[in-house]
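Make one complex out of these two single chains by using the hints.
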Amino acid sequence: MTSSPLVETDPGRVIARPEPAAKRTRKPLGPWLLVMPALVLLVAVLGYPLVSVTMRSFAEPDWGLQNYTWFFGTPVNLIVLQRTFAISAWVTLVCVICAYPYAFVMTAVGPKVRLVLVLCVLVPFWVSGVVRTLSWVILLQDSGVINTMLRGAGLSPVRLIRTQTGVVIGMAQVLLPFMILPLYSVMRGIDLRLVQAARSLGARPSKAFFSVYLPLSLPGVYAGAVIVFILALGFYITPALLGGPRSTMLSTLVQNQVLSLLQWGRGGAMGVVLLVSTFILLALAAPLMRQRYKQAGSR
Amino acid sequence: MQMRPMTRVLLGLACLLVAVWLVAPTLVVVPMSFNENKSLAFPPQGFSTQWYANFVNNPDWSSSFINSLKVAVLVAILAAIVGTLAAFGLDRMKSRASGLLRMVLLTPMVVPGVVLAIGIYAVYLDMRLVGTLPGFVLAHTMLAIPFVLIAVTASLEVFDKRLELAATSLGAGRLTTFRTVTLPLILPGILSGLLFAFVTSFDEIIVSLFITNPYLRTLPVQIYTSITRDADPTVAAVGTILLFTTTIVIGGGLLLFARERRT
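In order, the protein sequence lines correspond to chains A and B. Residue numbers for the first sequence follow my numbering, so the first one is 22 and each next one is one higher. Residue numbers for the second sequence follow my numbering, so the first one is 6 and each next one is one higher.
Just chain B, same shape as in the assembly (with noise of 0.2 Å):
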C-alpha cells in the first residue's frame, strides 16, 4: 500500500514503541537478579550470582522447580493423548454435535480463573486432592486440553484425506492407515499441541495458589508468595532463567521453521 513519507515515520515509530512496550519491562529482570543487596529496587546495587546459587540450593526454591516440571510433562502427555483424541473425535462427527461439544471443550479458556479456581478448590477439599500431584496434573490437564485440541484440529484441517483413502485403498489396515500415514502428517500440530501445554501447565497460578500445599508447590505459587511476601531477587534470577530458556526454544522454533519453508 502506498503512504506519504511521514505516515510510514509514524507508522514505524508507532510498531517500534509497542515492540519496546512487549519486550523491555521483562528484562528489566536480568539486572535485578545479579543484585548484591536483599532488595528489588532499582536501580541494583553491585554485582553478584549468590541469588542464582541460591535458586539450586534453596529447597524451597529446587523443590519447586521440580515439581513444576514434573506436573507439567504429565500434563503434556495427558492432554495431548486426551486432547488429540477429542479432536479426532470432534472431526469424524460432521454434525451440528460437533460445533457445540468443541465449543463446550473451549470453556476452560473463558471461564474466570479464581471461579474456576474456588470450585476445584471446595471438590478437591472433599476428596483430598489438596497439595497431591494427581490434583495438579487433573486441574492443568483440563487447562490444557482446549490447546491441544486447537492445534490439532487446526493441522487436521489442512490433513488431506484422500491420503488416507489410498492407503486403505492399497489394503493397509485402519492402524496402519493411522500410524504411517496420518500420525506423521499431523504430528505437528500434535507436538505444538504438546508445547503449548506444557507451558500452560509450567505457568499455571490461579488454581496453583488455591490448590498447593506445603508439601506441593509449584515454582509460579513459589514466585507469587516470594513477591508478596519479601523482596527476594531470588524471583529476578529464576524469571532472567526462565526468559533465556524461552527465547531460545522459541526463536530457535521460529527460524527452523522459517528456514525450513525457504527450502
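Bound conformation, chain A alone (with noise of 0.2 Å):
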C-alpha cells in the first residue's frame, strides 16, 4: 500500500503541504542542515578540545593511569577536591536562603515594585563578573566596609578575604540571580488558591506554608541548586581573587599544573575529574528535573 489513501483521509494534512513531493524529499535532511553549523562548531571548538584534553591526561608524560594516581594520591589534591565541594555546597546553601523569600516576595507584590526587585536581579547578572569580584576585593579587605561596620555595630572584625568565608560570599552574590530566576518562574505558577483551601480548612499559616506552598516550589529549588551548584563547582576567578593558599579550589589547580608548572598530564587528570563529577551531579539531578516536567504537564 502507498500512502495516498492516508493522505486522502486526513485532509487537514493535503492542505497542511501544498507542495508535497518537495517536501518529502527534503523534509529528512533540511533540519540537519540547519543545525550542522553549530553542531560543526562545538565539535571543533568543544568537543575537540576536551577529548585532547582527556587525551593528554593519559598519554602524558608516558602512557597510563599515572596522572590520575598522582592525584588520589597525593593528599593536598584530596583536600582541595573536598574543599570545592563543600564550598559549593556552602554556596548553594546560602543561594538557596537568601533567593526563597525573594522570589516569593517578587510573585506577591504589585507590578512596580517587581519591575525593581527585576532590576535588582538582572542588573548585577549583567555586569560583569570581574567588576563584581573587583567589588568583593574592596569591601573585604582587612580595613573593607563590612569590618568598619561590624566594628560599629560593636562586634569584633572578621577576616574576610583570603577565608573560605570570603569566597562563599563572593560566589554567592555573584550566583544567587541562577537561584533566584528559576525558583521565581516556578512560584509564579504556584495556585494560590491551593493555600487559601488549606487555611480555609484550619490550617495554621505556617502547616499551610509547610504542606502546601512548600512542596509545589520545592522543583523550583532544585533547578536552581542544581545549576548553582555545577556554575560553582568549575568557579575560577571569584576564588582566585579573593581567596588565600588555604582557600583555593580545584580550577586554580588546574590553572596552575598547566600554565605555571606546564604539566598538561596532571592539569588534564584535575579537568577530567571536575567534568566527571560534573556530568555525574547533572545525571543525578536529571529525574528530579523531569519529574519537575512531569508535574507541570499534569497540573
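These are computed hints drawn from the structure, not numbers from a lab. Treat the numbers as computed from the prediction; the structure is a model and nothing was measured. Think of the CB as a built atom: it goes at the ideal place given N, C-alpha and C, for glycine as much as any other residue. A hint or two may mislead.
[Unchecked claim] So, partial list: chain B residues that the calculated Cβ filter (under 10 Å) puts toward chain A:
| no. | residue |
| --- | --- |
| 1 | Phe-39 |
| 2 | Leu-95 |
| 3 | Thr-112 |
| 4 | Thr-245 |
Printed below as a string of C-alpha cells:
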C-alpha cells in the first residue's frame, strides 16, 4: 500500500502540504542542515579540545593511569577536591536561603515593586563578573567596609579576604540570580487558592506553608540548586581573587599545573575529574528535573 | 496569600536585605573610581577624574576595550545566525534526536570553564590561534550559542505555525513566508539572543585568559591582570562605566517592555 489513501483520509494534512513531493524529499535532511553549523562549531571548539585534554591526561608524559594515581594519591589534591565540593555546597545553601524569600516576595508584590526587584536581580547579572569580584575585593579587604560596619555595631572585626568565608560570600552573590530566576518562574505558577483552601480547612499559616506551598515550590529549588552547584564547582575568578592558599579550588590547581608547571597530563587529569563530577551530578539531578516537567504537565 | 503582619514585615526585610546584597557591593566601585591616590583602599581620598582619562588615553586600556567590542560584535552576529538556524532545525525535528541534540548544544553552559580553557588553549597552540581575532571569535561564539538557542526556542514555542500555513496557502513561497511572517514574529527572540551573545563575549574571562597574548587582550583580561598586578583605580573607573551602561540598557529595555505590555 502506498501512503496516498492515508493522505486522502486526512484532509488537513493535504492542505498543510501544498508541495508534498518537494517536501517529502527535503524533510529528513533540511533540519539537520540547519543544525549543522552549530554542531560543527561545537565539535571543533568544545568536543575536540575536551577529547584532547582527556587524551593528554592518559598520554603525558607516558601512557597510563599515572596522572590519576598521582591525583588520588596526593593528600593536597584530595583536600582541594573536598573543599571544592564543600564551598559549592555552602554557596548553594546560602543562595537557597536568600533566594527563597526574595522570589516569594517577587510573586506577591504589585507590578511596580516587582519591576524594581527584577532590576535588582538582572543588573548584577549583566554587570561583568570580574567587576563584581573587584568590588568584593574592595569591600572585604582588611580595612574594608564590612569590618568597619561590624566594629560600629560593637562586634569584633572578622578576617574575610583570603578566607573561605570571603569566597563563599562573593560566589553566592555572583550566583544568586541563577537561583532566584528559576525559583520565581516556578513560584509564579503556584495556585495560591490551594494555600487558601488549606487555611479555610483550619491549617495554621505555618502549616499551610510547609505542607502546601513549600512542596509545590521544591522543583524550583532543585532546578536552581543544581545550576548553582554546578557553576560553583567550576568557579575560577572569584576564588582566585578573593581566596588565599587555604581556600584554593580545583580550577586554580588545574590552571597552576598547566600554565605555571606545564604539567599538561596532571592538569588534564584534574580537569577530567572536575568534568566527570559535573556530569555525574547532572545525571543524578536529571530525574528531579524530569519530575518537574511531569508535574507541570499533569497540572 | 494572607499573612500575619509580623511575617509580612520579616519577609519584606529579608527581601530588602537580599536586594541590597545584590546591588550595593557593585556600587562600591563608583566612589573608588574618583580616588585621588593610586590605591584601592577604602575610603577613597579626594576627588579626581584622572582614572577616566587614563582609561581613554592609556593604550593598554583603550585597545583592550576596542578589542572586546570588536570580538563581541562579531560573536553576536555569528552566534545569532548559527544559533537561530539551529533553533529552527531543532524545532522542525520532531523526534528523539532533537531532544538529544538540544542537550548537546547546551553543554557549553555546564562544562567547567577552566577545563574548556585548557582544552582550547592546547588546540589553539597547535593551530596558532592563540591571541588572534578568529580564535577569540570562534571560542566565544561556541560559548554564546546556547543563549541564542534558548532565546529563539522560547519565541518559536509561542509562535503560531498556522500563520505560516496561512501565508503558504495564500501563495507565498517559502522565502517570502519566512521573511514576511516568521522572521518579524520571532525577531524579539533573535534580538535578545543577539544581546545575550554580545554580553557573553564581552564578559568572557576564563577562556580569554588562556588564549590571550600581548597582541590581543580583551577588557576582562585587562581588568583581571590589573587587579592581580597592582591597585590601579582605573579598574574602578571601567567598572563604573560598565555598571551605568548596563543599568541604562537593561532598565530602558524593561521599561519599554512594561509599557508595551500595558498598551
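To see whether the hints hold, each was checked on the structure:
no. : hint    : verdict
1   : Phe-39  : violated (13 Å)
2   : Leu-95  : holds (6 Å)
3   : Thr-112 : holds (7 Å)
4   : Thr-245 : holds (9 Å)
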